[in-house]
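Position 315 of the sequence shown, counted from 1, bears residue number 1556 in our numbering, the numbering being contiguous throughout.
The hints are simulated quantities; they were obtained by calculation from the structure and are not laboratory data.
Mixed in with the good hints there might be a few duds.
[Said to hold, decoys possible] Distance windows between CB atoms, simulated:
#, residue 1, residue 2, range
1, 1506, 1349, 34 to 42 angstroms
2, 1254, 1453, 37 to 45 angstroms
3, 1569, 1523, 19 to 27 angstroms
4, 1257, 1421, 48 to 56 angstroms
5, 1329, 1542, 25 to 33 angstroms
6, 1422, 1254, 54 to 62 angstroms
[As the list claims (entries may be wrong)] Simulated crosslink set (EDC-like; lysine to aspartate or glutamate; CA at most 16 angstroms straight-line):
#, residue 1, residue 2
7, 1539, 1549
8, 1403, 1349
9, 1395, 1290
These numbers come from a predicted model, not from an experiment.
Beta carbons: idealized from backbone N, C-alpha and C, even for Gly.
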Amino acid sequence: MKLMANTAMAKKIFNSIFRTIMLLLVCLLAIGLLVSRPVFVKKIADETDAFVDVEDLKKHVRFLSETALPRNSANPGNLKIVAEYIKAQFSLSTPNVRFQSYPVRDNEYQNVIANFGPDTKDIIIIGAHYDAFSTYPGADDNASGVSGLIELGKLLSKIELKHRVVLVAYTLEEPPYFATEKMGSFVHASSLNNNVRLMISLEMIGYFSEVDSSQSFPVPLLSFFYPKQGSFIAVADSLMSNNAVGLKASINRFTDLPAYSINAPRWVPGMDFSDHRSYWHFGYPAIMVTDTAFYRNKKYHEQEDTYDRLNYNSMAKVIYGVFKYIQILDGEI
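Make a model of the complete structure from these sequences and hints.
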């Protein structure tokens, strides 16, 4: 009898442990699905090379990261040179380009705004900051995003849009003005009187690595759901939103660059580390496209963040995927 009782007790304990493990696995799977939100798309031929000029991407990054340095808040003259360069490049694609100027501590700083398509109430915004941290080149952070923004303007100029698309190059994203009302993106977001369908922040889109374990994560658990090689582009969104999935699907459908999305709370380090945070503040839907910054690029905010370390072919695919998604949102495809 005692042996039977012990056996029954052992079986009861085993079943309890088994149920606990299965519950944990189900919870882990549910969290993974909520955060990563996998999608399956029918791929088509990657036509990036026919639409995006890789050499032009490199040219813009080299200018921004080598010519007008340092491009930080302490050097408003250099920022003005960069703003003029961006305005001139935008003007090759649309006549509707302007500065949005505002004062900070006796200096004047400018966002550069380019409009495409008809003047509709509904708008789509794509933005990238052109200032850099300290005195560093800032090739990936964020000359890469601005370069992509300029080339995106070229693509938009060649199609007939049904809705207004606004490209904005922001100033003062970096410290000491990060997370303040002096960020260029905050100034722009606060000035809007439109229905923002979506804001897309291009934040570091140039660094990719095929090296094993080159990708790290803010939470170790995420390594179960994402590649350990930094050879993909990420689209970040707030936890309960679903805006990242469409862009991720577009990149995966129209290019051969792997794209993954993450939906996570803002307290996860990195989730709001760019200009999309300003639009979240005002209740606008916004997402960030990124190579994951310091979770991959170990030269983030360092002197070695130079143009020669970037993968311009992958950058081009990011921009082409964003372009195709704009067409989807606009009802063109």
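The hints, checked one at a time:
1. 1506 - 1349: 34 to 42 angstroms: At roughly 36 angstroms between Cβ atoms, residue 1349 and residue 1506 fall inside 34 to 42 angstroms, so the hint holds.
2. 1254 - 1453: 37 to 45 angstroms: holds (40 angstroms)
3. 1569 - 1523: 19 to 27 angstroms: holds (25 angstroms)
4. 1257 - 1421: 48 to 56 angstroms: holds (52 angstroms)
5. 1329 - 1542: 25 to 33 angstroms: With a Cβ separation near 28 angstroms, residue 1329 and residue 1542 satisfy 25 to 33 angstroms, so the hint holds.
6. 1422 - 1254: 54 to 62 angstroms: About 58 angstroms separates the Cβ atoms of residue 1422 and residue 1254, which means 54 to 62 angstroms holds.
7. 1539 - 1549: Holds. Residue 1539 to residue 1549 sits at ~15 angstroms (cutoff 16 angstroms).
8. 1403 - 1349: violated (34 angstroms)
9. 1395 - 1290: holds (14 angstroms)
The structure fails to meet hint 8 from the earlier list, while all remaining hints are met.
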